[in-house]
Every structure is written in C-alpha cells, then in structure tokens.
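Engineer: Residue numbers (the numbering used here), protein chains in the order written: chain A, 98 to 926; chain B, 23 to 260.
Source of the hints: derived by calculation from the structure; they are not laboratory data. This structure is a prediction, so every number in the text was calculated from the model and none was measured. Using N, Cα and C, we set each Cβ at its ideal position, and we do this for glycine too. Warning: the hint list may mix true and false statements.
Chain B stretches covered by chain A per the calculated footprint, using a threshold of three residues with CB under 8 Å from any CB of chain A [as the list claims (entries may be wrong)]:
(1) 90-103
(2) 135-141
(3) 146-159
(4) 165-175
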Amino acid sequence: MSKFLAALQNKILLGDGALGTMLVKEGLPAGENPELWMLSHPEKVQNITCAYLAAGSDVLQTNTFGANRLKLQEYHAENQVWDINLTAARLVRAIAGDKAFVAGIIGPTGYFPAPLSDYNWSELVEVFREQAEALQEGGVDFLFLETFSDLGEARAALFAAKNYTNLPVACSLTYTNGRTLTGTDPATAAVVLEAMGADLIGANCSTGPQELLPIMEAYRKATGLPLLVEPNAGLPELIDGQTIYRETPAQMAQYVKPFLRLGVRLMGACCGSTPAHLQAMRAEVDSFDEEVVPRPAGAGVTRLASRTHVVTLGPGVLPRLIGERINPTARKVIAEAYREQKWDTIVQEGLTQIEKGAELLDLNVGVPGLDEGELLAQGVRHLQMALDVPLVLDCTDPVALEKGLQEYQGKALINSVNGEDKSLDTILPLAKKYGAAVIGLTLDENGIPDNAADRFMIAKKIYKRAMELGIPKEDLLIDCLVLTAAAQPETAMETIGAIKLVKKQLGLTCVLGLSNVSHGLPQRSWLNNTFLALTLGAGLDAAIANPHDPRISETLASGALLTNRDPGAAHYLKVTGKAPLSTPAAAGSSASTGVTSPSPAFPAFSTTPAADSSNTPVTGIAALQNYILQGQKEPIIPLLEELFAQPGTDPLTVVNEGLIPPLEKLGDLFGKGEVFLPQLLLAGEAAKTAFSYLQTHFPATTGQKGTIVLGTVKGDVHDIGKNIVKALLENHGYRVVDLGKNVPAEAFIAAAKQEAAQIIGLSALMTTTMVEMEKIIAAIKKEQLPVFTMVGGAVVTADYAKQIGADAYGKDAVKAVKIVQSLLPSNDS
Amino acid sequence: MNRLKIPLNLTYDDVLPYLGLRREAVSPQEQELIDHYLKIIRQIARPQGTWRVFAVATRTPEQITLKEASLSIEGRQTVAHFQNCEQISLLATTLGPEVDDYLPRLSEQSVAEALIFDGVASAAAEYLIEQLDAHHVAEIRRKGFFPTARFSPGYGDWSLHWQKAFLESIDATKIGLSLTPHFLLQPVKSVTAAIGWSSLPIARSYGEPAPSSKPCRSADTCPYCRFAAVCAEQKTNE
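Just chain A, with the same shape it has in the complex (with noise of 0.2 Å):
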C-alpha cells in the first residue's frame, strides 16, 4: 500500500486551499494561463505553497488544473503538457520533502466525452494519461482528479489514470443544487467511480461548504470509501463597496467536524479560501477524536447504474425487472433499426419496457454481418443519454464488449460470461477494468449440465476466478439457466435447485433469462409466470423478461411480497394501484420529485354533495360538472349517450346545468388565482368535447354566436398565447378563424370579408413586432370595414392599445373573451 492511502488510513488529512485565486492576488495577469506564468513565475507558485505547509496542510497540490493538451491548446501550449506537469510536481515537491503529501491535480478538460462533445471516450482517455503520466513522473504522491462536472469525463480521467500509472487516485466532482452539470447525483457517482478503483472521492468547489454537507451525506450512504471535499470560501459579496467573504476562516473551520463525521478522510478548501482558512481549520482537525467507521447502506447488494441513477439487486431488495426486447434475435423491427442506424426506434423500445416497468435495459446488438462493437457502442451512446436504467450489456465477444463497456458512463452489468477458461480469460478482466458487475451463465465447453449440482460446480468455477481478479463478490451474478421445458421438461426444477445452491453455498446475486422455458410452446405467458413464482421462491433476484406481459411485473410483485422482500408491502400497494404510483426508474426526468399527490385543496363542485366519488358513485349532471371541472374528455361522450338514453332529457338543461356553471366556476377560480390557465383550457377542452356532441346531435340548442378572425401579426413568431384565447373563444361557442402567425394586414382584411368576421383579434409578445398592429388597425380603418378591433400579447398595454386606435385591449385569454361577449351578446350568454 502507497505511503499516502496508509497515511489516510490512520489519521485525517488536511489538504491545502484555492490556488486560482491566490495567484491572482500573487499578480497573475487577467487572460494569462495560470500554468504558463508558473514557468516565468516559479516563485509565486513556492510562495503559495509555503505558506500552506505553514498553515498546517498534509497535502500540497500542483499548478496544473489546467495542464491537459485540450485546455493548454487555447493557448497555442499543447505541447508543454509534459514540461509544465513534470515542472509543477518537482517544485511542491521539492517544498513538500517528507513533510507532506503531494497532490497531482487533474482538472476537466471542458468537454464531455461524445456525444456531449466532439471528442470520444478514448480521446479524453489519451488527453488524461499524457497529464497523469508526467506528473507521476515528477513524484507526486496520488493524483487528484477535481471539479469534474461530468461523471463521463471524470470516468475517463480515472480510468487513465489507473490504467497508466500505479498511484492511488481521489476524485472528486462538483455539484449544483445536488446534481453535478449533466445530471449525476452523489449516490450514482460514489458507486460507479467506486468501481472503477478509484481510491478516495468526493465533491470540491461547487458552492460553500453548507451545500456540500448533503452531498457528503449521500457519499456516506453509497460507499465505504474514504472521503475529501474541499469547499468554496463561500462566495464573495460586494455590500456597501467592500468585499465580503461569507465563510472567514473561523466560520469555515465550523464545518470542518460536521464533514469529518461524515467520514472525510482528506478535508481541504477550493475557491476564495487561503492559509488562514486552512490554519484555522487545522486546529479543529486536531481535536478531533470521535471515531468514524463507513457503514454505507446495502452491504451485500449488488448495485449497478445509470448516469443519473442506481439501481440494486440481491438479498432484500425487490426483485428487478429486466427488459429484453433489444433484442434483433427475434425481433425483425430490431434488426432493421440496428441496419439502418435509426436509434429512434431503439429509444423508443427502451421507453416503452421501462414504463412497463422495467428496471434495467438488457442490450443485444447482434445482427449477422454487422460491426457489433461499434453497434454497442453506439446504442450505448443513444440509451444512456435517453434513458435513466442502468444497462445489460448483452455481447460475449470481448472485443465489442469492450467498446461498448468504454462508452457506458455508469455501471454496467455484462452478460455474460460462463465457465469456459476462453471466456472466463477474457470477459473477467474487462468487467474489473471497466468497473462492471457480470453475469456468469452455467454452461461451459460442454454445454449445460443436466442436473443442478453441475450447474452449481461451474457457477463456483467462475466465482473462484472473478474473486482471483479481485472482482467484489457483489459483482458476480449467476444466471442458473433455464431450457425450454418443450424439449426438456425434467430440466426445469433443476435450474430451481441451482439458483438455491448459489444463494445458499455462495450467495451470489441470481438472476435468469426466464422466456427460454416457454420456447415453443403455446400460452408462453403462463409457464413464463409460473416459473418465474418457482425461481422467486427459490431466491431469484432479477428476471430478463418481456415487460410487455403484464403478469410478470404482477408475478414479481406478489413474489417479493410472499418471499419477504417488499416490506410492508409497499410496492404491491402500488402496483396494485392502491397507493400513489411513482417510476423513479422511468425516463421522466421529473422523478426526483417523487409522488406528488394532487391537492387535496383542489376544487370539486361544492353544489355537488356527491362529489366525493370514493364513496357514492357520481352520475347524471353532476358527474359531467366534475368532469368539466377536472377537464376529464374521455367519459364525457359516454356520459352524454347515456344521459340522453333517458327519456325526457333536455339538451338545453344539459347545457345550462352541466357545462355553463362548471366552466363559470373554473372562471371565477381563475380570478382569484386559485386554479389556472393550463386547467381553464383543459376544462374547455372537455366542455368543447361536449358541446360538439351537441351540435351533432341536438343542432337547434347551440346556434352561432359570432366569427373572429384571428392571428399573430407580421414578424412575429409566437403564437402560444393566441392559440389559447382561440381556444376560449370556440369553448365558448364562437367561429373562430385562425389565421396562424407572422400573418400581414392584407390577410386580416380579406379573411374578414370573406369570412363576415365581427371582430378582428391581433396578438404581438414583441415589442419589435406589436408596431405591425398599428398599421394592421390603420388600413382596416381605411377600408371601413364594419369589425371590432381586439389587441393583446405580452408587451401589449391598454394605454399602448388605446394609442393605436383598438376598439379593445385583452390582457389576458379570459378577458378577450368576456370582451367578445360584451361586442357579441347572444341570446344564451
């Protein structure tokens, strides 16, 4: 073990503060590289340095946040990478002797790998192990990758540096409001950088140190790893013409305990900190000495992910859904998606499984005659930005698996290998390269055994192998593997009795490819369920199955209730719809937010006593209003046909009872703020539905009201607002002709003729374009036509309106249309 990762295991280390700013205050020019000037300005770089060993700092970094070939080329200096890490290392070094550790600062490049940026995974991989090399060279005791805002760059930059050179590695991302710039929670980053072998993680910069306390905490929750942070000095404020720092260094040494508790192992400061900060900050390290031992949640459980999200699997957890309809094995539409590079269709086959419940995406890219490491690599590329399940990387050829595993930004779970030594020699080392978990299929070179004790036998075989590679025990899955009980029906209880071996003798994760046992065979849905309840029971963790049978996310809820997995039974409730359904696996990015429940201040008709429907069914007139009110279309018709199945229904009643008083009420509401636009405009939608029903049916009760004619005017190209008041006005009866947008005065005139429009409607948001109303309102004035004038949009103002001759200003959708029932009285209004 490195000097450094023993240091860190015995006591806590303080690290040392900003370097940016301070070199500034040393005299950095605006616009000059900070690493360059170090090259003229030796001194200035020893001066900081000094003064933070003085401090009382275990760790000293390097000048070289920036000394990576794509951020020195802005400044024509791509080819001193070497010069400047090397130069950097060997001066703190020369400084830091035996008396403190140094800290070969790594920091982004500025681009993401591909497809957030132009350049790919492999680049960035190269850019990192030039930088990583060279400060190894110059003695510096670990790398420390910082301020990394993409966990796929930051995913790079470890990776080279574990790869290409033998030094322990921190590192450390930055947050905002909890998620780093491209969307990584601390939960997600803490278990994929865990398993690429980083040594020490954590968060830096982002804001002050009160923000990263959260951060710290969900660290603590995901690993077992030593911790760093290193926050801002808060951020400086101007107040009555003097400079503020939020945090002063006693303020900042407040937090110092609070993170060590957390289990910080290497606590530091980034931006607007100095020696004084770390001074201060030094003592409290000292007298601190209250043991902290990780005890990070889910021991035990295997745990894969996504950018964005994690997902586990194993002892205690529900058991997971796999989706395996990526699959152009059997799947035509697939293949041909696959062929002609049309990854649409691909997200769309990932959307539709997750929200049929799948946890987990089992890719398969294998079509004859196609590069399949290039396939998987970019349906990797498409999935993981598209999709927010973690990924099964369905590929036995190490060579594509490899190129998929590189461009996979979260932890991936490979399928497969099995227990033949060809396999074993060379999928084992790309999953522990990659910091992947694998799936270790019972079959080898001949074949699959029969009878559940060979099964196991291999199943041990690859344990025995994975764990000789250091591979994590939780990152060994077992598929038992079923076949088709069409053709071997006496199998199917053996692979029952192996997933049991596995789980009892070396408790493993299990999961298993279910569909095979069905192969063939007619109902495949029930022999899929029905084994499925048989491998549950047998302790199975995960299924790869078709999401689009119904009865397996059913099979698999009941399962985990009956096997004790689903405490309190929390997730049946759920899917049986008896509890708010949440899909934080889903794709909605809305799922950070959780169940929102509807409010319970939500208005229902309060002339209605039956409105609470939980209990008394609502029907008739009553039942129309709720759903006018709640802006419900689809039981409206049905509702109308059999209302009007009754003898003696009056239409007009209908009218005058159940769609005008819902639809005052809702406008009422709108007044007061109460409810608001998007609901006024789904009731009227529902009230729309209605009336036409009406129409159709009933053509005496719903005369014509009037024709305006409608549009946004020359220049502009917004037409939100007037698509809203035109749909207010058709819920309320009216011909509306709509002339879209950017639209010229001609075209109001001649559709107002044609049309024998009562009321011409002009809508503007900008102000460079609400000037076209006025010479729109001009030449209708010049042709006297017989029509009212209504202006409105954003920008627009009554006085403006006024000014330009309108006959009426409508602030808003709900006020045109009282000004057009004001212009237009009907006898039914």
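On the provided structure of chain A, position chain B as indicated by the hints.
Structural biologist: Frame of chain A, contents of chain B only:
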C-alpha cells in the same frame, strides 16, 4: 469556441413557475401532463450550448467593444452592467428545432397540452442556460474574477438588433441558431447571454434594471424575463 450538449434534468418543480402554477394548487390532470411532457421534451429536444470568452478592446460610458468580435455592448445602462469587466463571455443555448416543430402540431390537438408543453419547454430553455451559466461561472471564479449577471441584447438599453452580431461572434450557426428579420432567435427556445468577468466583487444582479422607456424592451422572454417583476410593478403604478 466551446460547445457542449447538456442533458435536460429539470424537474416538475422547475416547470411550475412557467405555467403560473403553485404547487399546492396543481390539478391531477395538470400534474400528469407536466410529467408526460417532461418525458417528451427529453426525447425530442437536442439541447446544446456554445460559448466563447472575449477580451474587452475599448470602453466608453456608452460602448464596450471586444477583441475579435463584431459585437458591441451599447447603451449607458448596459455598459454600466459590465463595469470593471476585463473579459466578456458570450453564451448561447438552444433546445433545437424539434421543439419548435412539435409545438404547432400539438396545438392542433389540444391547446391546453400545447400550453403545458410550451411551459415545459420554456423551463427547459431556462434550465439549459442556467446549467451552462453555472458551469462557466465556476471557471470565472476559479480564475479569480467575479461574474456579472447574464445580460442579453434586448435587455435594458442594449438594442435587440445586436443579436445578429452576437450570433456571428460566437459562430452560433454551429448550434443551429439564426434570427428572423425582427431579430427573434430561431429556434424560439434558445437563449443568448453575455457574462462579464469583473475584476472587483460584484453581485450577480441587475443594478438598474428598470427600462425607462415603455413598454418593456426586454420582451423576448417576457413575462419571465429578468425584469418581469420590475415591469409588473411599473405597470401597476401607472
């Protein structure tokens, strides 16, 4: 020139202000639709951003010119916003044309859903520039400077017609940005913003935001623009 794609990880709560909704008063239908369109926007949007840092070339109280850029920062209020700035970063973000194409098609089916989608898209556009801003500002701070608040042509007294030179200066066609003859950004769900590198600490706010001429000239993203509150106050006071 830097260019990045940034995934849209905005949340339900980010959307509510853009629909004028209060969390406690959201109806189940609205909630369902917001969740739905959050998924849709992640599928169809092609969010990306670009930025470039320019050194200040000349400065008068009325104008700042930049080295290697055709853009000038003009207007006393606007120049005042960038006082003590030695460099100016120009940023642009867009959700891509797919979002613009989707909206009218949705409008034909349901204006209510179009309104919600529009709100989701506006929130996404704001999320995107906020993310790029946070990313970029961290770099400004690390280099010992103090970032100003974002400022764009059309804010205060900086005429909207500078949008053209803005886009040219950062070669924004690379991320698919263009202008209409009236200087509106195409795609609509796009944002441009200048951030100054102040050598002195500065609050990230707008010192003298209230545009004196009426109506509000910061209309591009109104009513959610930086000055919306000020403008609303002005309008009420009238």
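Engineer: The structure should be examined with respect to each hint, and the outcome stated for every one.
Structural biologist: Okay, the hints, checked on the actual structure:
1. 90-103: violated (count 0)
2. 135-141: Per the Cβ count (5), the hint holds.
3. 146-159: holds (count 3)
4. 165-175: holds (count 4)
In this structure, the one hint that does not hold is number 1.
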